[in-house]
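Novice: The residues making up each chain are set out below.
4 protein chains.
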Amino acid sequence: MNANQGRSPAMQHFASDNYAGICPEALAALLAANDGHVRSYGDDEWTLRVADRLRELFETDCDVYFVFNGTAANSLALAALCQPYHSVICHQLAHVDTDECGAPQFFSNGATLLAVAGEQGKLTPEAIVEVVTRRSDIHYPKPKVVTLTQATEVGTVYRPDELRAIADTARAHGLRVHMDGARFANAVAGLGLSPAEVSWRAGVDVLCFGGTKMGLPVGEAVVFFDRKLSDDFSYRCKQAGQLASKMRFLSAPWLGILENGAWLRHAAHANAMARRLAAGLAEGTGLPALFPVQANGVFVRLPGRIEAGLRARGWLFYNFIAAGGARFMCGWDTAPETVDRLLADIRELAAESA
Amino acid sequence: MNANQGRSPAMQHFASDNYAGICPEALAALLAANDGHVRSYGDDEWTLRVADRLRELFETDCDVYFVFNGTAANSLALAALCQPYHSVICHQLAHVDTDECGAPQFFSNGATLLAVAGEQGKLTPEAIVEVVTRRSDIHYPKPKVVTLTQATEVGTVYRPDELRAIADTARAHGLRVHMDGARFANAVAGLGLSPAEVSWRAGVDVLCFGGTKMGLPVGEAVVFFDRKLSDDFSYRCKQAGQLASKMRFLSAPWLGILENGAWLRHAAHANAMARRLAAGLAEGTGLPALFPVQANGVFVRLPGRIEAGLRARGWLFYNFIAAGGARFMCGWDTAPETVDRLLADIRELAAESA
Amino acid sequence: MNANQGRSPAMQHFASDNYAGICPEALAALLAANDGHVRSYGDDEWTLRVADRLRELFETDCDVYFVFNGTAANSLALAALCQPYHSVICHQLAHVDTDECGAPQFFSNGATLLAVAGEQGKLTPEAIVEVVTRRSDIHYPKPKVVTLTQATEVGTVYRPDELRAIADTARAHGLRVHMDGARFANAVAGLGLSPAEVSWRAGVDVLCFGGTKMGLPVGEAVVFFDRKLSDDFSYRCKQAGQLASKMRFLSAPWLGILENGAWLRHAAHANAMARRLAAGLAEGTGLPALFPVQANGVFVRLPGRIEAGLRARGWLFYNFIAAGGARFMCGWDTAPETVDRLLADIRELAAESA
Amino acid sequence: MNANQGRSPAMQHFASDNYAGICPEALAALLAANDGHVRSYGDDEWTLRVADRLRELFETDCDVYFVFNGTAANSLALAALCQPYHSVICHQLAHVDTDECGAPQFFSNGATLLAVAGEQGKLTPEAIVEVVTRRSDIHYPKPKVVTLTQATEVGTVYRPDELRAIADTARAHGLRVHMDGARFANAVAGLGLSPAEVSWRAGVDVLCFGGTKMGLPVGEAVVFFDRKLSDDFSYRCKQAGQLASKMRFLSAPWLGILENGAWLRHAAHANAMARRLAAGLAEGTGLPALFPVQANGVFVRLPGRIEAGLRARGWLFYNFIAAGGARFMCGWDTAPETVDRLLADIRELAAESA
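Residue numbers (our numbering), protein chains in the order written: chain A, 1 to 354; chain B, 1 to 354; chain C, 1 to 354; chain D, 1 to 354.
A portion of the hints provided could be inaccurate.
If chains are identical, the list can't say which one is meant, so a pair holds when it fits in one copy or spans any two.
[Claimed, not checked] Below, in silico cross-link-like pairs of lysine to any residue (SDA-like), each with a Cα-Cα straight-line distance of 20 angstroms or less:
1. Lys228 - Arg201
2. Lys228 - Glu59
3. Lys228 - Gly36
4. Lys228 - Ile138
5. Lys228 - Thr60
6. Lys228 - Leu27
7. Lys228 - Gly174
8. Lys228 - Asp63
9. Lys228 - Asp52
10. Lys228 - Ala196
11. Lys228 - Ala350
12. Lys228 - Thr133
13. Lys228 - Glu352
14. Lys228 - Arg55
15. Lys228 - Ala272
16. Lys228 - Arg275
17. Lys228 - Gly261
18. Lys228 - Ala51
19. Lys228 - Glu283
Hints listed in this document are in silico derivations from the structure and should not be mistaken for laboratory results.
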């Protein structure tokens with residue numbers, strides 16, 4: 001049933017950066033944490049240390065919680081920011097709206113996502129103002145939150161001035177700002193700025209900092225820069241089935257990638273692989289990237305025969321129809337050779353098609 | 001802030017079987033699974049294999065889902081069995097009622113837990129009949145599910161005849177039967193019966209089979225013996241933030257403990273340690289166990305000075321007030337020496353007190 | 001603060017058919033029911049009688065429940081048809097999506113409304129197929145229900161063949177069919193068919209039959225034609241705060257309008273007033289109705305100065321931006337003179353503008 | 001199917017004060033409001049006037065909302081005061097816990113009711129402290145609200161000093177105070193104090209002021225004395241299906257009973273009937289009331305043959321098992337003759353039994 005039967009089990013793919021396994025630094029920390037009896041539910045030294053480390057990384061006294069996955073991280077954070085009769089403004093390609101099976105609505109018990117259009121997968125102040133001012137009657141959920149994805153679902157990133165403009169607009173309309181940072185590391189690496197500049201200094205209230213796509217086995221961090229918003233958030237996590245008993249195995253891997261900068265190196269590598277791919281596509285095949293390659297994804301409109309040919313050769317990748325093309329994601333472990341092999345296959349297929 | 005500062009970091013405790021780390025077999029499988037790119041969200045060979053293995057173990061064609069923790073496993077299973085206006089009958093010491101911060105109510109959007117008394121932490125047919133027939137008006141949630149814990153919260157186990165009697169009663173009143181199996185392995189080991197005999201053959205519809213307390217890093221299995229009940233359950237898991245992207249790291253460790261019987265060996269060991277502790281207490285200190293020691297927990301009413309003395313010496317354990325005493329849980333890695341050291345400390349303290 | 005200050009308090013408006021009061025037949029029945037002590041919560045003779053009367057009206061053995069308003073009727077019915085991880089397909093102008101403040105999502109604990117386009121406010125089989133087949137992965141809510149509004153939000157009606165085509169399509173894809181009948185009476189009157197032909201004979205599973213806009217003080221009926229779907233629905237109503245204690249005051253008014261055909265006469269009158277208005281607009285002002293006038297609403301694109309002029313003269317009506325113009329609703333009590341006065345004002349304003 | 005078949009349809013009962021119909025003053029106001037077209041959803045003069053009238057009655061600038069029934073009033077108010085992972089402390093006889101089919105849990109998406117014992121149906125500061133301090137770990141819902149019923153479910157009332165002591169205790173533990181005032185009027189009449197003294201001056205944050213049992217056809221008022229707590233409450237009502245379109249028919253009846261003191265006269269009458277009944281029981285039959293008769297209910301332990309005999313004679317009343325006896329409720333229209341007839345029947349039956 002699997003397209004890559006018969007090929008090497010070690011074949012790499014571009015379907016998602018979550019196809020990659022655990023990076024060495026995270027694994028080493030996990031193994032180091034597997035020593036003897038340790039208090040459960042987060043009352044352990046690994047968890048305390050990594051929370052401190054994140055406060056250092058962000059250069060601010062933020063509140064940090066570890067949950068199992070991105071669906072839960074985003075949904076719990078949004079639920080903490082709004083009531084069931086409120087609405088959350090998001091981009092129409094936002095993962096929270098398109099790929100979480102209604103999780104934000106479930107966790108918030110009914111909050112509405114209001115999806116708006118925007119170039120390059122990005123929200124704009126204008127679009128936010130338009131949707132916030134469209135209705136003000138009681139028959140329509142009241143806007144309360146703006147959520148944006150950094151890096152975006154199409155591999156672009158918000159610059160601090162763009163974030164600031166959005167946050168100022170949000171503030172002016174009484175909205176909170178949430179950032180879905182499933183690929184926050186890739187955004188930070190892509191921008192070459194500090195994590196603080198790309199988040200709270202630009203007006204973000206809550207960040208869901210993705211761990212899995214950075215090379216962890218499981219787990220994301222919810223980071224509250226505005227600590228008033230995290231009142232009783234640990235109870236919220238517990239009730240929602242998001243409090244790990246053996247928390248050390250969620251938190252220790254974070255230590256592993258944070259303590260030596262591995263998180264940023266891996267992200268930079270994935271970004272470099274995406275640029276390598278985009279460059280190869282543009283040069284070798286004349287297939288331009290649909291969006292600026294600012295993080296670890298490349299989107300391209302593939303001729304049908306090339307797409308079919310790639311799948312026949314065992315490559316796994318998604319068609320992101322709403323974004324207008326095929327999506328190729330690079331991970332922390334994507335090898336240059338893998339990129340080059342993909343490019344070679346595309347070139348071959350293009351030549352056959354011609 | 002930690003009572004055991006200054007003592008060996010490797011000191012073992014009796015607070016919970018979730019203080020233990022990853023058992024070697026699970027860890028080996030996790031490491032083996034960390035190889036290259038693998039499809040996400042459960043569409044991988046590890047997950048498929050372990051589901052098959054569980055079907056073999058249970059000798060039936062059950063549906064299997066892997067979620068992150070026991071709170072979620074129980075809550076999602078119960079939500080699949082009832083509507084918000086239904087009620088779930090449980091023992092008054094049931095973990096779902098006392099220690100999940102309202103999670104069953106959250107996941108089901110309002111279902112009511114009706115807690116009843118029962119000797120040795122066990123539900124009885126009589127208690128179920130009493131609560132089911134108490135009210136039948138529309139102003140009271142309609143009973144729909146019986147949930148029982150195997151092994152119970154006080155370290156006892158239901159025998160198959162007890163389960164069958166409960167299940168027959170449930171069936172007769174239109175109720176489904178859910179089993180919280182956080183320590184199902186300990187129950188199986190304690191009874192010396194097959195998993196099937198202790199679950200579906202005795203009338204259980206859904207089992208939440210605990211992995212964490214058996215030595216996994218994270219994750220539980222929800223096993224539907226009545227497959228009609230699992231309609232769209234994968235959607236339910238996804239929406240509720242319980243679908244792991246790198247699922248292989250939840251499923252492969254299960255393989256590790258299932259393939260060679262490690263799960264049962266570890267459970268039997270933990271049970272043996274509990275019996276060793278109970279025997280030592282009875283003989284050496286005259287402190288009888290409050291409940292038959294049929295799984296991996298020992299409950300005992302400790303004189304205040306002994307309890308204080310143990311804590312002063314760095315021992316971590318819970319007072320389970322509702323059960324009437326201190327709780328000592330043994331894990332897969334609890335060493336006989338640890339048990340003996342605890343017993344020696346208790347004996348010393350008892351002598352001092354005398 | 002009210003635009004019509006200074007004018008006669010008896011001035012009629014076109015903002016909504018819920019601006020009208022209680023019709024004489026409903027009021028007479030309410031007064032007749034206000035006699036002595038009567039069992040509460042629906043266990044009274046009025047409620048039993050009107051449920052029987054509805055079964056006669058629909059010529060089938062349906063289950064009938066009375067709730068307080070349309071928001072609740074639609075939301076509870078939809079919640080009975082789907083789980084939180086399911087989706088409900090609706091027209092993009094559907095009231096459930098645009099004007100119930102997220103109520104369907106709240107009552108269902110997170111179900112998703114998938115809004116699609118369609119001419120004249122109507123869903124089509126093609127649009128349903130498109131949205132049902134767009135995605136089938138677990139990251140997207142699974143379609144489970146089609147909801148359609150009869151009469152539609154833009155004053156058109158579905159013919160039985162249109163309903164049947166939709167219901168057949170729904171059935172073929174495993175979907176249930178719900179009808180928002182806030183103005184069901186107007187649809188029946190407009191089509192000149194029996195209630196059965198316009199509902200269950202055409203494939204509708206559940207109808208929310210609007211009472212308020214027919215001249216009742218409060219209350220709607222939820223009619224389950226497929227009785228399997230109404231399991232424990234009375235518990236659902238009770239828990240959701242929709243079980244009236246003095247139920248007779250919700251049900252008796254239904255008797256008043258059903259027993260002598262008043263419901264249909266009033267609806268026919270409102271429809272006639274809408275046609276009178278549309279005809280007058282077309283003839284006298286050259287402003288064509290945006291949609292066929294098949295029920296009791298007229299939609300027209302008003303020049304800004306005419307709109308402003310009408311408001312200055314105290315007329316209340318809505319701009320239904322998504323529908324492309326101003327909305328004029330006629331009620332059971334809309335007088336021909338009111339229509340004529342409005343038309344005269346529009347003609348005057350048009351003349352001034354010219 | 002009805003026990004009183006064959007008897008006068010005008011026979012009065014003691015089952016509930018909601019068996020009574022609409023009182024004359026409410027009906028007159030309803031009829032007066034049924035005049036012409038009126039803005040919907042509460043933007044009408046009746047609703048504005050009655051809100052002002054309630055502010056006068058309570059001598060404070062409170063926020064007022066009208067909803068359909070008591071289940072919704074209490075549940076929405078509680079949902080406004082807590083999050084899903086919080087708990088609400090109530091008496092074990094509290095209607096919100098025993099007779100609303102899990103509504104508070106549904107509207108709050110999972111909040112827990114913690115029921116405690118207390119003499120005469122009343123909470124005490126001690127009981128609150130006990131339950132609040134019992135647990136403080138994250139696995140147990142965090143207490144956030146105290147709810148008390150005034151008059152209580154067993155016909156007693158809280159004096160202002162009792163309320164103040166409870167409110168002070170609540171405040172000291174970070175809890176809000178909610179009052180279920182389904183029979184608030186009876187409590188005010190029973191105490192002979194002002195509504196303010198019995199509510200906010202004694203520390204109540206939110207009162208659900210019952211209208212139905214005072215003689216309205218439908219509807220209760222939610223009164224926020226702490227206005228910060230009512231943020232966006234109108235959206236909450238709308239989403240939860242509790243915003244009446246023809247709001248005037250909910251609000252105008254309130255005007256009818258408030259403007260001339262009818263609300264208090266009716267309550268005082270009902271209370272007097274209860275005292276008449278209790279006195280007659282004590283004197284004529286030696287059956288003492290189980291609780292002080294401070295409002296409009298009488299509870300008495302009836303010998304089985306007397307109870308059966310009353311039912312055989314067509315009397316409707318409830319057995320309130322948890323309260324220990326039969327419950328006899330008096331309404332605004334309970335006639336002295338009805339009380340006397342019941343007493344005569346009891347005396348006869350007692351004589352037969354003797």
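Novice: So, for every hint listed, does it hold in this structure?
Specialist: Now the hints, each set against the structure:
Taking the shortest Cα distances, lysine 228 and arginine 201 sit within 20 angstroms of each other inside one copy (17 angstroms), while across copies they are farther apart (30 angstroms). Taking identical chains as interchangeable, the C-alpha atoms of lysine 228 and glutamate 59 lie at most 20 angstroms apart only when both belong to the same chain, with a minimum of 18 angstroms there against 34 angstroms between chains. Neither within a single protomer nor between protomers do lysine 228 and glycine 36 lie at most 20 angstroms apart by alpha-carbon distance, with minima of 36 angstroms and 42 angstroms respectively. Only between protomers do lysine 228 and isoleucine 138 lie at most 20 angstroms apart by alpha-carbon distance; the minimum there is 18 angstroms, versus 27 angstroms within a single protomer.
Within a single copy, lysine 228 and threonine 60 get their C-alpha atoms as close as 14 angstroms, which meets the 20 angstroms cut-off; across copies the closest is 30 angstroms, which misses it. With identical chains, the CA atoms of lysine 228 and leucine 27 are never at most 20 angstroms apart, being 34 angstroms at best within one copy and 39 angstroms at best between copies. With identical chains, the CA atoms of lysine 228 and glycine 174 are at most 20 angstroms apart both within one copy (15 angstroms) and between copies (16 angstroms). Taking the shortest Cα distances, lysine 228 and aspartate 63 sit within 20 angstroms of each other inside one copy (9 angstroms), while across copies they are farther apart (26 angstroms).
Taking the closest pair of Cα atoms, lysine 228 and aspartate 52 come within 20 angstroms of each other only inside a single copy of the chain (18 angstroms); across copies the shortest separation is 35 angstroms, beyond that limit. In this assembly of identical chains, the alpha carbons of lysine 228 and alanine 196 lie at most 20 angstroms apart only when taken from the same copy (19 angstroms versus 33 angstroms across copies). For the homomeric pair lysine 228 and alanine 350, neither the shortest alpha-carbon distance inside one copy (56 angstroms) nor that between copies (48 angstroms) is at most 20 angstroms. For the homomeric pair lysine 228 and threonine 133, neither the shortest alpha-carbon distance inside one copy (27 angstroms) nor that between copies (24 angstroms) is at most 20 angstroms.
In this assembly of identical chains, the alpha carbons of lysine 228 and glutamate 352 never lie at most 20 angstroms apart, being 60 angstroms within a copy and 49 angstroms across copies at closest. In the homo-oligomer, the alpha carbons of lysine 228 and arginine 55 lie at most 20 angstroms apart inside one protomer (16 angstroms), although the nearest pairing across protomers, at 33 angstroms, exceeds that limit. Taking the shortest Cα distances, lysine 228 and alanine 272 never come within 20 angstroms of each other, neither inside one copy (38 angstroms) nor across copies (48 angstroms). For the homomeric pair lysine 228 and arginine 275, neither the shortest alpha-carbon distance inside one copy (40 angstroms) nor that between copies (48 angstroms) is at most 20 angstroms.
With identical chains, the CA atoms of lysine 228 and glycine 261 are never at most 20 angstroms apart, being 30 angstroms at best within one copy and 46 angstroms at best between copies. When the C-alpha separation of lysine 228 and alanine 51 is checked against a cutoff of 20 angstroms, the pair qualifies only within one copy, where the shortest distance is 17 angstroms, while the shortest distance between copies is 34 angstroms. Taking identical chains as interchangeable, the C-alpha atoms of lysine 228 and glutamate 283 are never at most 20 angstroms apart, the minima being 51 angstroms within one chain and 54 angstroms between chains.
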